[in-house]
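There are 2 protein chains.
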Amino acid sequence: MSESNSVLIGNKPVMNYVLACITLFHGGAKEVNVKARGRSISRAVDVVEVVRRRFLPDVKIRKVGIGTQQMAPREEGSTPTNVSTIEITLES
Amino acid sequence: MSESNSVLIGNKPVMNYVLACITLFHGGAKEVNVKARGRSISRAVDVVEVVRRRFLPDVKIRKVGIGTQQMAPREEGSTPTNVSTIEITLES
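So the protein sequences, as listed, match chains A and B. Just so you know, the first sequence maps onto residues 9 to 100 in my numbering. Just so you know, the second sequence maps onto residues 9 to 100 in my numbering.
You may find that some hints are simply not true.
You can't tell identical chains apart in this list, so a pair holds if it fits in one copy or across any two.
The calculated DSS-like cross-link candidates involving lysine-lysine, where the alpha carbons are at most 30 angstroms apart (straight line), are [as the list claims (entries may be wrong)]:
#: 1; residue 1: Lys-20; residue 2: Lys-38
#: 2; residue 1: Lys-68; residue 2: Lys-20
#: 3; residue 1: Lys-38; residue 2: Lys-68
It should be emphasised that the hints constitute simulated quantities derived from the structure, not laboratory data. None of the values given here were measured: they were computed from a predicted structure.
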């Protein structure tokens, strides 16, 4: 699967990411990965639910994966911090 | 599965819920459901990752489900709001 079919969730409004997902599916994508980390994880779930329930009812959730990513320390000598991640794979 | 094997994530520190999960597994539970909604969803993922990576490496994620729950309107006549939910099933 091409990495271009990913939507990385940040701090923008939910509808921005919903539109990004819809655009990918309308462009012919069979799969779209919605990825987020840290506090954006709950927004990623919001995005997927809005896409499925309001716009593309035929889209299914194929897989939900969660994990941990180690962030590089901000300063020399400080300990690295962990951040939780989620990856939700949608298929049309 | 008994409904008592659920940990509902709220606004307390992550370690409170981690301890709740560990206590259930140590008490003989084969499955524990970690549930959250709205902004607590990212904390639910944190809880699961800490349980698995720091305390109980044998615990597996059996299933991750996401959904939408309709909240009753706060005032008469106002529209109901939707909130996203997550349910992560862990098994030992």
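Going down the list of hints, with the structure as the test:
1. Lys-20 with Lys-38: within (25 angstroms within a copy, 39 angstroms between copies)
2. Lys-68 with Lys-20: within (24 angstroms within a copy, 33 angstroms between copies)
3. Lys-38 with Lys-68: both (11 angstroms within a copy, 29 angstroms between copies)
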